[in-house]
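Trainee: Chain residues, written in single-letter form:
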Amino acid sequence: MPAITLNPGFVCILAALLTLAAPRVARAPIMAASAVAALWLMLDRDFGAAAAAAQMGVPVVLLDLDALNRIFGIAMLIALIVIAMASSARRSRAEDTAILLMAGGAVSALFVGDLISFVGAAALAGLASAWLVFASPLPRSARSGVRLLIWQGLEGLLFLVGVAFHLSAGAASSIFTQLDATSIGGGFIFAALLIRAGAPLAHVWLKDAVAHASPVGAAALSAFSTMLGVYALARLYPAEPVLIFIGAGMIVIGLAYAMAEDDLRRAAASGLTAQTGVCVALIGLGSPLALAAAEGHAFTAIFAFTALQLTLGAILGRRGSVNASDIEGVARVMPLTATLLLAAGLAVAGAPLFAAYTTISIALEALAQWELQWAWLLVASVPAGLFASLCLRPSLAAFNAVPQRVPLQEAPFPMLLGSAIAVFFCFSVGVAPRWLYGLLPTALEFAPFAIDRMAPHLALLGATGVAYITLRAFKLASVEAPVRLRDVDALYRGPLAGAGRWLGVVMLRVYGTAQALLHAQAVSAGRLAMRWIRACDQPYRGGGALQFAALLTVTALALVWRYL
Amino acid sequence: MNAELALAGVLGVSAAQALLVLALSRPPGLRDVVHVLCTGLVAVFASYLVYAVAQGETARIVLAQPLPNVELAFAIEPLGTLAAAVLAGLGFLHAVHTSGMVRATGQKAPARLMAFSALTTAAAMAVMFSANLFSFFVAYQALALAAFPLVAHVGDDEARNSARTFLAVLLGASIALLLPAMIWTYTLAGALEFQTGGVLAGRVDQLSANILLALFVLGIAGAAAPPMHRWLTVSFTAPYPSLVLVQGLAVLPAAGIGLLKVFAYVFGSALITAAPATQILLAVCGVTMCTAALIALSKTDMRERLAYSLWAQSLAAIVGGLLAAPAGLFAAALQIVATSCAATTLLMAVGTTAAVTGRHNTLDYPGLGRVMPWTFAGFAIACASLIGMPPFSGAWAKLWLITASASTGVIWAAGLVGAAAVLTFAHLGPLAANAFAGRAPTDAFKRPDGASILLVAPVILAAAGTLGLLVLADPLASFLSPVWTPR
Amino acid sequence: MSLYLDLARAHAPAVILGMLLVGAALALVTPNGRASWTLALAAAIAAVAMAADLSWRFLTSGAALAPDALLTVDGVSAFAAPLIAALAAFVIMAEGAALRERVARTQPYAVALHLAGAASWIGALFAQDLVGLVVGVNVGWLALTGLVATAPERGALNGALRMLTAGGAAAAFMLAGIGLITYAAGGGAVNAAASAMISSPQMATLGFVLLLAPLMLMAGAAPLHAWMGAAYGRSDATLALTMGALASLAVIARLAAVAATAPAVAEGVSVVLVSVGIASVLIGSVQAIGAVNVRRLIAYAGAAQAGCVLVAIALESPAGLAAALVQVFAWGAGAFALFAGIAASRDAALTALDGLGRRAPFAGVAITVGALSFMGAPLTIGFLGRWRLIEAGVGAGWWWATGAAIVTSLAAVFYGGRLIERIYFRRATEAAAFDLDVWRWARVPVLAAAIAAIACGLAPSLLLDLATRASMLALGLGA
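First to last, the protein sequences are chains A, B and C.
In case it helps, numbering that gives the first Met the number 0 puts the first sequence at residues 0 to 563.
In case it helps, numbering that gives the first Met the number 0 puts the second sequence at residues 0 to 486.
In case it helps, numbering that gives the first Met the number 0 puts the third sequence at residues 0 to 478.
Heads up, a few of these hints could be off.
[What the hints assert, rightly or not] Ranges of calculated distance between the beta carbons of each label pair, as one might list FRET restraints: (1) B:411 <-> A:512: 24 to 34 Å; (2) B:477 <-> C:460: 33 to 43 Å; (3) B:25 <-> C:426: 20 to 30 Å.
[What the hints assert, rightly or not] Reference excerpt, derived from the structure (chain B facing chain A, CB under 7 Å, subset only): (4) 297; (5) 390; (6) 430; (7) 432; (8) 436.
[As the list claims (entries may be wrong)] On the chain A side, residues computed to face chain B include the following (Cβ under 7 Å): (9) 122; (10) 159; (11) 166; (12) 167.
Keep in mind that the hints were calculated from the coordinates and are not lab data.
Yeah, the Cβ is synthetic: ideal placement off N, Cα and C, and Gly gets one too.
Required output: the full structure, derived from the provided sequences and hints.
Mentor: Written as structure tokens, this is what we have:
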């Protein structure tokens, strides 16, 4: 290949290999530098595809830049810079490498132009995310890593099968086009992407992984994993009607678990599922405004949730747990962190002056245009629900007064810095959204701060807050307790796994018995045959009668042959 | 250096290596150096031949002419040359690994082991470069005979029984089924030469084509089509260095390539006329592929598990070849090459682990990856390739297998390949993951200084080779295209 | 000088017989065993030279004998006679190693019997009429019986008795057969049936069956081979017995070629040959797998080989007959390699072969090569024989021919593999009984020749060509 066009994600992958050998002090700068270099590579290019190389007779496009993946790329790469900053707070070579590989794989997948490369890069990112969970220092993270590996493996295989069926329709069709979810190939790829995005029934892996990852790892997972699925859905299945319902399901499930979860990181992951559900529903809607809304919302969600996870992780790192029931009075010990917690909660919930508000207002506008009232109501309730569960709940607990004095023990500075920068970014985009609107594929003239938009939103948030505090004051809200919530994975980890094990044992017994029986019969048959054969070597037995009989038979045969 | 010299070198150096290793068996260092250098030389020759084929050169060496129109001849063509180059390169790494293993385990009669390894390699190269069915038959029988002492090397009763089964199945099938098929082909076509487009194309009626196909597929028992697979499932008693050869580097892949050559050069377009037999064989191989992967799940001895796993992979290659389409042939070739890379890495890693820690039971593997990170990194990469996880090379082979099945209309075969991939993941994935995830055992090492570089470096390099296929996949496609389209 | 040579050539068969018989007589009267052995060897070698010259001239340039020659030559005998003569020479050469085990008085008799037997069998091949053929066959059989009877081991007497009884019955049947054929074909010449109008085909068929069945017994085809176990197992005349078996197969080929050209009897003869052949393959293979005495093992293996040859002959086509001739050659080479090789171990039990590869490497190589040839390993002459048989069978649509070849090969893999395993992969269980007898080396040329013959498989074009010509001539299809 004479002029090698470097996909920006490859820079991060190469940096991951460097990180394996780099000393501790160099790792964070390498991560940040790779993100900056990738950004520069991306922004330096014009829109358009690089020359198609050929892979096994199928055209492969390693770099195809347009507005859709540029916006996702900017978000992910800036998130990588933030995470790089936070990662210098702890030493973990494996985690740093895994984060870079995951980011590199995800960013590469964003920018390639054909299915085969996309599958490779996405699978790489998936494997790296499993490695990330493996490298986590929390207890029982290994088993969670194995579970994540199973999900990623399943997704990779579904991708493979889907691309294979898609290719069987014709070699040129590996380049990105709109796919049909009802064809075999398209259906498999659709299923794989739904797993990645966290559709209902497959929404459990994100919660599980985030709950067992390290603080920085959880942030990385939030930023790089599900959003790749959102991008791919936007690229390959825009205006696919079933996505509206899937998105609605994700919103419902995400909100329910966000409100009920005790582990705040799990709750944040469920919140991410809810926000992703908004994006997915908008992609299902398919109008230009809706697609633009989806992309913008994904952009803002990446930063908001990165900030939230970093902050929660900081508390986890200092206190050992970040359950809502354990977080009482954290503001005394870690005032800055608690403030950032509040700010991140507002960012996630989409309060006005934060970025998520600007994009969710476009979303509501898009939904209103299509007269889908139920969807509009659902999406409108997302900020309210998240405000209550991810902003009010932790902040009220954190800022609760505790009787005794406790020494000040703030989170490590790099984590605070990273979180603060992310929050600040959300705030600045929220205050001046024109920059964001300019990045969107559709040219947008939108005024999010128009009073007829902002007022209902503020009213909704306010009402939610008042209702929540009232319920808490009258002890009608549920008490924070370290409950373990059950989800779909309880089904397949419990009864299904047990049934599978039972079936396996039964099959093994049957197989073993059959083998033993066959073996015994073969041995006895062999012994019988050998005994009979050895009896044939009898040189001193008279053979006269046999010979005579043979002679007679042969003679008779020769004579009567022509009559047979 | 010209192509004929390289071809003679590839075939002759291995044979000479056997004698040299036996003659120079003391001191041990000299023996190992000779072994490694000769395999390296073979690898150099084989890669030169790849270059020669890419330039469009031909070369042919005739050793004897037993019958009119039938010669014992060797020639270079894309399919065999590619496989030979890959296997020769891996063989070099394996030779280094063998030197390490015989020291680490105190293997008895190492010179004999290395000599027969060299002979097996020579026979495998002869199979790859065979120019006609007769040469393939001779080389295939030589391969079975040369690998027999490898399986019986340990010398106890179990090994001897396995070796007898090994030889009985391979030789018996070749005499009972392959020989009549070969002679029948000779009477139909008048010659046994491998021709692009198939020497039987247009010369065989449907019934004969069906029976011939069954005879060939079952007769080349080394490709492990059921019920001729018994040799593979009993051969796991061999010592580790020979296990690599038998399952990963010589017998299984050479027989697989031989079967592909039969499909491509003997049947060619006549494969489509063998219609009911191809479908039946596809169904049998496909279902057995899934069953083998399932059985592997129940085995706790690592060598047994890998034997069944590799059996499933070999069956996938046969499925690709039976699809009677160029895409299927390409997929099958890619599958064999990728499987041998992954199999070699896996078996070497398992051998290293057994030599250094004495563990070869899957229940003892969790946590070993933390004390032997490099070895198990190679192990994990090879597992991923074998499973068919993108972006490792095995994934592209599976991709093309499914694509070829779907495009020829045999969707259920594509489904079976996918199911086999899932089952392979079930018996290899958690194993590799838990090796890293589990708690590190405290009493792992038998030897205080751990694994020597001779044991670990080949594993890593072979794993890198698995990754390298990713980059090389496209040149491979154009390299292999003369197999189904005459130049 | 050349005049005498031409005269000798014109009457070549008689000259060959004369050489052998005169050599036998001279050997008989020479009192010293070694001297008579030397004489016999010289006579045998001269006979081989003469026979090879006859064969070459007849097959390649179609030279004919003098019209008043005492004996006649046809395709099969031209191919087989030098083979039998060469085998006889090798037998005598190998006998030199075992001579001192016999009682000194019987040594000249043994040598003379060898030559006489060879002469009779060759005479049967060259006989002009059926009576001569039968006389030759039976005298040869008697010579072999004598050799078995005079073997050093007493247990051989049982085998000799069986051979005598069988020979008596054989003579009776064969004479009856001659009578029937002469009546039906109206003439007593060997090829009378080919040219005559056969009035009663049933009688002619019966006659041929009665003629062929004893010959099949002498060739060792199962289930007519009850004499083989005792004769081979205890005597050391194994090489001579093999020579006799091959010669009887050549005679069968000759008669079958005649029958093939007579439509009235062709089918019946073919059926007989095929049925006995298939039975022989199956029974012989099974017995070889189960044998514990290594000489009997090779004998039963020979029965299986004989079965294949019979099936090939039964095809009654040029390709089939050529395949039969090649297989006869291959069997001879293989059996000689095996028997001469195992003569290096004293005991006839299978366990005595353990570790022979170290004790007597050359013999070990010979046994391995012989076993490979029986297995039909590629690049040996045995493989070629099987190939030709399968090719001829497939060409005629005879799937049982293919099956017979495959069964023989598979069984040979079994018992041949066992032999090779014992020789190379086991440690010797008995002390190496190396005798310092220099006459042991007399076996070496035999072994070398056998190995070389098997290695013909690498460049067999000459042999194949000669066999094809011989079969064409025998079937009367011209050169």
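Trainee: With reference to the structure, classify each hint as holding or not holding.
Mentor: The hints, checked one at a time:
no., hint, result
1, B:411 <-> A:512: 24 to 34 Å, "holds, 30 Å"
2, B:477 <-> C:460: 33 to 43 Å, "holds, 42 Å"
3, B:25 <-> C:426: 20 to 30 Å, "holds, 22 Å"
4, 297, "holds, 5 Å"
5, 390, "holds, 4 Å"
6, 430, "violated, 10 Å"
7, 432, "holds, 5 Å"
8, 436, "holds, 3 Å"
9, 122, "holds, 4 Å"
10, 159, "holds, 6 Å"
11, 166, "holds, 5 Å"
12, 167, "holds, 4 Å"
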